[in-house]
Amino acid sequence: MACLEDRLKACEEKIADLMGKEKTMVAFSTLAEYGGARGPFDGDTTLVYNTLIANVGDAYSASTGVFTAPVAGVYCFILSYHAGGDHNAKLMLIKNSELIVATSDHKSNEPSDNGGNAAVLELKKGDQVYVRMAAGTRVWADGRHTSFSGFLVNQK
Amino acid sequence: MACLEDRLKACEEKIADLMGKEKTMVAFSTLAEYGGARGPFDGDTTLVYNTLIANVGDAYSASTGVFTAPVAGVYCFILSYHAGGDHNAKLMLIKNSELIVATSDHKSNEPSDNGGNAAVLELKKGDQVYVRMAAGTRVWADGRHTSFSGFLVNQK
Amino acid sequence: MACLEDRLKACEEKIADLMGKEKTMVAFSTLAEYGGARGPFDGDTTLVYNTLIANVGDAYSASTGVFTAPVAGVYCFILSYHAGGDHNAKLMLIKNSELIVATSDHKSNEPSDNGGNAAVLELKKGDQVYVRMAAGTRVWADGRHTSFSGFLVNQK
Numbered sequence: 001m002a003c004l005e006d007r008l009k010a011c012e013e014k015i016a017d018l019m020g021k022e023k024t025m026v027a028f029s030t031l032a033e034y035g036g037a038r039g040p041f042d043g044d045t046t047l048v049y050n051t052l053i054a055n056v057g058d059a060y061s062a063s064t065g066v067f068t069a070p071v072a073g074v075y076c077f078i079l080s081y082h083a084g085g086d087h088n089a090k091l092m093l094i095k096n097s098e099l100i101v102a103t104s105d106h107k108s109n110e111p112s113d114n115g116g117n118a119a120v121l122e123l124k125k126g127d128q129v130y131v132r133m134a135a136g137t138r139v140w141a142d143g144r145h146t147s148f149s150g151f152l153v154n155q156k
Numbered sequence: 001m002a003c004l005e006d007r008l009k010a011c012e013e014k015i016a017d018l019m020g021k022e023k024t025m026v027a028f029s030t031l032a033e034y035g036g037a038r039g040p041f042d043g044d045t046t047l048v049y050n051t052l053i054a055n056v057g058d059a060y061s062a063s064t065g066v067f068t069a070p071v072a073g074v075y076c077f078i079l080s081y082h083a084g085g086d087h088n089a090k091l092m093l094i095k096n097s098e099l100i101v102a103t104s105d106h107k108s109n110e111p112s113d114n115g116g117n118a119a120v121l122e123l124k125k126g127d128q129v130y131v132r133m134a135a136g137t138r139v140w141a142d143g144r145h146t147s148f149s150g151f152l153v154n155q156k
Numbered sequence: 001m002a003c004l005e006d007r008l009k010a011c012e013e014k015i016a017d018l019m020g021k022e023k024t025m026v027a028f029s030t031l032a033e034y035g036g037a038r039g040p041f042d043g044d045t046t047l048v049y050n051t052l053i054a055n056v057g058d059a060y061s062a063s064t065g066v067f068t069a070p071v072a073g074v075y076c077f078i079l080s081y082h083a084g085g086d087h088n089a090k091l092m093l094i095k096n097s098e099l100i101v102a103t104s105d106h107k108s109n110e111p112s113d114n115g116g117n118a119a120v121l122e123l124k125k126g127d128q129v130y131v132r133m134a135a136g137t138r139v140w141a142d143g144r145h146t147s148f149s150g151f152l153v154n155q156k
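Chains as they are written, first to last, in full-length UniProt numbering: chain G, 1 to 156; chain A, 1 to 156; chain V, 1 to 156.
If you are wondering where the hints come from, they were derived from the structure by calculation, not from laboratory data. Among these hints, one or two may not hold up.
As the list makes no split between identical chains, a pair holds if one copy fits it or if it spans any two.
Claimed, not checked - With a straight-line Cα cutoff of 20 Å, these simulated EDC-like cross-link-like pairs (lysine to aspartate or glutamate) come out:
| no. | residue 1 | residue 2 |
| --- | --- | --- |
| 1 | K125 | E22 |
| 2 | K95 | D142 |
| 3 | K95 | E33 |
| 4 | K23 | E12 |
The task is simple: from the sequences and hints, build the whole structure.
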């Protein structure tokens, strides 16, 4: 009997672990909406995507622009921007203080430009991910064009 | 005995639930392939991505261009387009009738333009997601350039 | 007794299967970093993204540029590029030898261009996915601009 009960208890514990992971959802999607161009600023500046589309797990802060990983795992991040052509545009996806990927466009006679990038990252609990706008650059922050999204692919 | 059997039955039910969720796969990837430019049209028009790359779960209709969520959950959508520079281009990701994200480019002397956007959405079962092309705009619908993809990140 | 034990054994096997799938993580994120432009080459050439951001499951080779699916399943791939405007740019996402999606830009007076695309693919174990750069085209391979990422959405 002890044998069966021990095995059953092990099953129950593993099921609880699986159900916990199954229930852990982390996903956000945000827009920078400032009624027109955002920037240029004198120095590199965190782009605060201030308009939430989704924030499952509340790991993204629409007041600071920073996503903080609530659990260790593999995450995917995607950013897209629209910009007027009369200024440089440059956005950088940052993990803690490390540059992960960048997307940019040079000033031109072209009336507008689009750009974006994506990355998959292994994060520890508490790691912070956010987007910096390079000094002297700007993006179009209106009409739901400039977005930043991320989600947990696998919990560790 | 009843005690052990009750616990075992609870385990079996939880496992069935986990296995059901594990088996629920929803993912599609599609292209607009019309042998050249698509549009411009007089009014906003759903862009029917008519060429399937994948349609796991059959939730996307290649005849209407509409994705219908088969289960409640968190989904990710990504769209990319190529367009000739001689017209405006504008695509809008719509949930039911709500604008989620847009991507656009102005008419220019540039021979071509690229754009795209992505969003993570919480959907109820039956919610519909699709892409609208704004009146008077067009995209390049050839050579597997203009795509729309989505997948279930987490079932609720 | 036999009955309970058989049911318990079935539970244990299903849990092991679920835990195995839960532990199978496949996700990579890579950059093409060659200190400047990459290409043009005389023929179509695999773009070897030589700088790893993540390679969970070691399924991407930074020496060949090829991702090989370690398990059957649904995968998502995203590519983004930056390119100087003075040459054509064209990248093609390939599954085995089949073109899945492309992204390109024409030579122009524009100083730079961005592009990208994404696809969800059903892969068998051993299927290979990689990016080809079309003959006579080039991309900017510096400053963490040109990336290729992928991850397992669902194991089959």
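Do the hints match the structure? See the list:
no.: 1; hint: K125 <-> E22; verdict: both (17 Å within a copy, 19 Å between copies)
no.: 2; hint: K95 <-> D142; verdict: between (26 Å within a copy, 19 Å between copies)
no.: 3; hint: K95 <-> E33; verdict: between (23 Å within a copy, 19 Å between copies)
no.: 4; hint: K23 <-> E12; verdict: both (16 Å within a copy, 18 Å between copies)
Consistency with the previously given hints is maintained throughout, with no hint failing.
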